[in-house]
Amino acid sequence: MDILGKLFGSENKVKMMRLFLFNSDTPFSAEAVADRIKAGLFSTRQELATLRQMKFVKQKSFVARVAVRKKGKESAKLIKRKVSGFILDTSFPYLKELQRLLLDVSLLKGEEITKRLSSAGRLKLVIIAGLFIQDSESRLDILVVGDHLKKGVVENKMKAIESEIGKELRYTAFETGEFNYRLGLYDKLVRDVLDYPHQIIFDRLGLPPLDTGRR
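Residue numbering for the sequence shown follows the numbering used here, beginning at 52 and increasing consecutively.
Treat the hints as calculated values from the structure; they're not laboratory data.
Careful, some of the hints might be misleading.
Unchecked claim - Below, simulated BS3-like cross-link-like pairs (lysine-lysine); rule was C-alpha separation at most 27 Å, straight line: (1) K111 - K131; (2) K166 - K208; (3) K147 - K111; (4) K106 - K133; (5) K208 - K218; (6) K202 - K166; (7) K160 - K208; (8) K218 - K166; (9) K109 - K218; (10) K218 - K89; (11) K201 - K239; (12) K201 - K160; (13) K128 - K147; (14) K131 - K109; (15) K111 - K133; (16) K133 - K121; (17) K160 - K202; (18) K106 - K201; (19) K147 - K131.
Let's have the full structure, built from the sequences with the hints guiding it.
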């Protein structure tokens, strides 16, 4: 991400461009963009203004659920309201070139993913599939197995990765015992990952070699 950040001026701009490229049919308000890429609203508005000047995004009004808090009440109520936001401008002249460069999530290396997840518990197995190997048919993008996994830490790490690549991840995390139990029962979710294209980036369980090329 550092290389792309230097190339495009900032890491937040790279995150933002990936968000729009991965969700080309979805409009986002400035607030939603800031939340998704984990950036401040002021800097997000500045980057959006730049992308609009480049004609990478265009303005679009759409209906969204907005939290509204009435006076004297602590809880906010969600109501539908027309808001102004931004959507990918598909007429951008270098769209295909940017898609090839920015949607190559192999730029986030396997060892980097493992390193980030290491604080979630004693990792035993990390498998990437789906988005990370350009396989849209896979049910999961990341499968994590370990001992004493902190689900909150796993969730936060995944959200951080999502903010970088601009797309929500399909993932699951199992305690080692549960994973072995599911493996022995030929659990459909586990087999759907192991029997189809995937990449093992960390393995302390000693999984036997599998044919990952069949469909």
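Comparing the hints with the structure gives:
no. : hint        : verdict
1   : K111 - K131 : holds (16 Å)
2   : K166 - K208 : holds (10 Å)
3   : K147 - K111 : holds (22 Å)
4   : K106 - K133 : holds (23 Å)
5   : K208 - K218 : holds (14 Å)
6   : K202 - K166 : holds (16 Å)
7   : K160 - K208 : holds (15 Å)
8   : K218 - K166 : holds (20 Å)
9   : K109 - K218 : holds (20 Å)
10  : K218 - K89  : holds (13 Å)
11  : K201 - K239 : holds (24 Å)
12  : K201 - K160 : holds (23 Å)
13  : K128 - K147 : violated (41 Å)
14  : K131 - K109 : holds (22 Å)
15  : K111 - K133 : holds (10 Å)
16  : K133 - K121 : holds (19 Å)
17  : K160 - K202 : holds (22 Å)
18  : K106 - K201 : violated (43 Å)
19  : K147 - K131 : violated (34 Å)
Checked against the numbered hints given earlier, the structure breaks hints 13, 18, 19 and satisfies all the rest.
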